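Q: Residue numbers (the numbering used here): 1 to 724.
Just so you know, the hints here were simulated from the structure itself, not pulled from any lab data. Keep in mind that this is a model prediction, so the values were computed, not measured. C-beta: ideal position from N, C-alpha, C; glycine also. A portion of the hints provided could be inaccurate.
Stated by the list, open to error - DSBU-like, lysine-lysine: derived pairs with alpha carbons at most 30 angstroms apart:
| no. | residue 1 | residue 2 |
| --- | --- | --- |
| 1 | 489 | 446 |
| 2 | 286 | 221 |
| 3 | 489 | 510 |
| 4 | 293 | 327 |
| 5 | 571 | 592 |
| 6 | 439 | 415 |
| 7 | 301 | 286 |
Stated by the list, open to error - Across the chosen pairs, the derived CB separations fall in these ranges:
| no. | residue 1 | residue 2 | range |
| --- | --- | --- | --- |
| 8 | 126 | 447 | 55 to 61 angstroms |
| 9 | 464 | 182 | 22 to 28 angstroms |
| 10 | 715 | 176 | 14 to 20 angstroms |
| 11 | 286 | 446 | 32 to 38 angstroms |
| 12 | 267 | 157 | 36 to 42 angstroms |
| 13 | 323 | 715 | 30 to 36 angstroms |
| 14 | 251 | 464 | 19 to 25 angstroms |
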Amino acid sequence: MSRLVIVSNRLPVSVRKVDGKLEFYPSAGGLATGLSSYAKTGGNVWVGWPGIASDELTDQDRQEITRVLKKDNCHPVFLTQKQLDGFYNVYSNSVLWPLFHHMEVGTTDTAAAWRMYKKVNRLYAEATLELAGKKDHMWVHDYQLLLLPEMLRVQRAKNRIGFFLHIPFPSPEIFLSDPHANELAQGMLGADVVGFHTSAYTDNFLGVCRELDIGIIGSRKVVLPERVVRVTDFPIGINYRRFADASRSLEVGVEHQKLRWKHRGRKVILTIDRLDPSKGLVGRLKAYQTLLKENPKLHGKVVMIMQAMPSRTEVPAYQKLRKDVEKLSKSINKQFGSRSWQPLEVIFSALPFAEYAALYQRADVAFIAPIRDGMNLVAKEYLASRPKSDGVLVLSETAGAAEELKEAVLVNPYKHRSLVNGLMEALSAKPAGFMARTKRMQRYLKRNTIDKWADTFMDSLEKPIPRPNFRVTRALNDERTAELLEDYKRSSNRLILLDYDGTLQPLVSKPENAVPSKETLHTLKRLAKNEHNHIVVISGRSRKDLADWLGKLPITLVAEHGGFIRLSGRKNWQKTSHLSQDWEKPVMGLFKRYTTLTPGSSIEQKEWSVAWHYRNASPFHAKKNLVILKKLLRPIARAEQLIIRENKKVLEVHHQDVSKGHITQEWLLDGQDFIMAIGDDNTDEDMFGALPTAAHTIKVGRGHTIANYRLQSPASVHTLLDKL
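Build the full structure now, drawing on both the sequences and the hints.
A: This is the structure in structure tokens:
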């Protein structure tokens with residue numbers, strides 16, 4: 001029977017040292033609650049950091065911690081303070097946390113921290129693999145361990161691996177701004193199931209995979225060469241019964257009565273969150289300040305209680321935030337308060353459960369307005385704590401919970417007026433008016449608890465996705481490169497077909513500027529000197545461009561996608577077809593018209609094709625006119641047997657019998673024992689399709705392809721060619 005190995009940054013049990021003695025206590029957070037039924041079942045085990053730097057521990061301490069934690073089905077990963085600083089404080093919390101919350105990354109010197117992040121992820125992998133059997137399932141949690149699923153996958157290809165992210169996943173443009181974005185995304189895709197709180201985060205991740213051209217993106221899945229990854233949303237819930245039943249607790253009742261007496265005759269606004277820049281605490285205070293300023297009638301009749309739990313107190317940004325909150329709080333109380341009324345109460349500490357539950361029950365309004373939040377369970381806890389379905393929830397529309405709790409008063413945390421209006425709406429609302437809305441949200445939360453969240457994820461992990469019936473291109477990694485090089489060394493009659501733009505040379509905004517680099521010329525010359533190699537540059541370029549740039553090299557040149565050929569050692573070009581070119585006049589007419597209508601676009605006329613370049617045009621005008629132009633070209637293409645081909649910011653028209661596929665077949669009768677073809681756009685797909693299955697076909701960059709392998713850029717192409 002399969003066991004479950006849960007892996008998170010921190011264990012559900014933490015350790016501290018007091019007067020030289022070890023103390024064990026429950027870690028903060030709801031994850032332990034949600035997974036308790038799994039963590040304490042049979043041989044299941046939880047891997048994570050025990051909450052104390054190993055520098056403070058003796059060998060005997062480590063042995064004792066391991067022994068005691070084992071009783072709770074926990075296994076420690078010991079980390080030094082240096083490892084914690086780089087992995088946790090800098091990379092996880094000063095890079096990934098703000099990045100994922102669409103905030104400015106406060107540090108620029110992250111190279112060392114990135115190396116430490118990878119190193120610590122490997123330590124977690126080693127600890128996990130030490131415990132996990134070959135049939136066991138592994139469930140990895142959160143942003144501190146993004147690389148871990150892939151590290152586990154490399155060692156355990158057949159194990160079921162899950163990953164869940166507990167914070168927001170950012171938009172593709174934000175995520176891709178991280179220099180390690182590709183490695184992070186690949187790390188997450190080591191899992192069989194990748195889970196997020198909301199469909200918006202799921203869409204963002206799939207968008208990243210699409211931008212990075214990782215596999216084929218399907219409906220809630222990513223199809224990789226070896227397997228299929230399910231990518232979907234699993235909104236986390238709460239222990240609903242715990243909060244709903246708290247009103248019957250004697251201890252909670254005592255605390256509730258204290259609050260009722262203290263704030264008698266006043267409406268209470270409750271706002272709870274960690275002291276974190278992403279939580280928008282200053283914005284909430286400013287909204288309350290404006291509310292009091294604009295509504296003197298509320299003076300003495302309302303009070304806000306803010307519970308701001310300090311976190312990451314060693315980080316300067318968090319230290320500044322606390323000072324800002326303290327300063328603004330004092331200002332509000334000084335500006336509006338009186339001897340008999342203090343409008344704002346701020347609590348900078350954690351509270352016992354009974355006091356939390358009492359606050360939830362006493363508050364007339366819960367003001368939950370983070371700038372960005374993965375889910376926000378406080379909003380759900382507040383609703384669960386209202387046995388009479390009274391009270392009004394004011395919730396940030398950028399919190400993950402807003403996707404489920406649509407009947408709350410939703411506010412925009414970026415707009416001050418939206419926050420103020422939301423508070424006023426909540427305070428002015430008649431309880432009966434919101435009761436039906438609250439009841440509907442409560443029914444939803446009662447059904448979708450944290451236990452159901454865990455069960456749903458595990459059910460998904462147990463259920464593999466069927467393999468599709470098509471091939472997926474694989475990255476040309478070190479192992480596959482080694483196989484290609486071995487084939488190359490064993491062969492004696494080689495055909496190497498190379499595209500030019502986007503393959504040998506990077507794409508440029510002006511086609512005439514794509515002059516070959518010294519590196520390109522040197523590489524081609526070196527390969528051509530080998531008597532066993534036949535080098536062919538097969539391009540959409542004109543004869544003149546290829547002759548001017550590559551004409552002195554002992555290689556075969558093919559211009560205009562196969563329209564002309566110049567064999568190695570010769571100066572004359574041969575025309576490969578004698579088809580009519582009457583089609584060019586109507587096509588040129590359309591191209592000229594839409595070049596005028598699209599500033600920045602241009603026409604490139606060759607002997608066998610006509611191309612419309614729009615790389616330098618306004619994206620809006622180019623996209624709009626491209627659609628119209630293709631529609632107008634289709635009748636001409638059908639009548640004249642033309643191909644309309646859209647490549648990278650280029651629309652090209654040529655006869656269907658002039659293509660890289662047709663010309664490629666000219667060389668396949670020479671008994672080659674090694675064939676390699678490399679290209680980057682749609683015209684190269686014809687070339688790949690014309691080659692035998694044993695050929696090494698390589699796509700450069702993004703986009704669907706029938707090639708066997710993929711390289712990321714022309715630089716990667718040169719790295720490969722240098723090894724031949």
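Q: Return the numbers of the hints above that this structure violates; sort them in rising order.
A: The structure conflicts with hints 1, 2, 3, 5, 8, 12, 13, 14, although it agrees with all the remaining ones.
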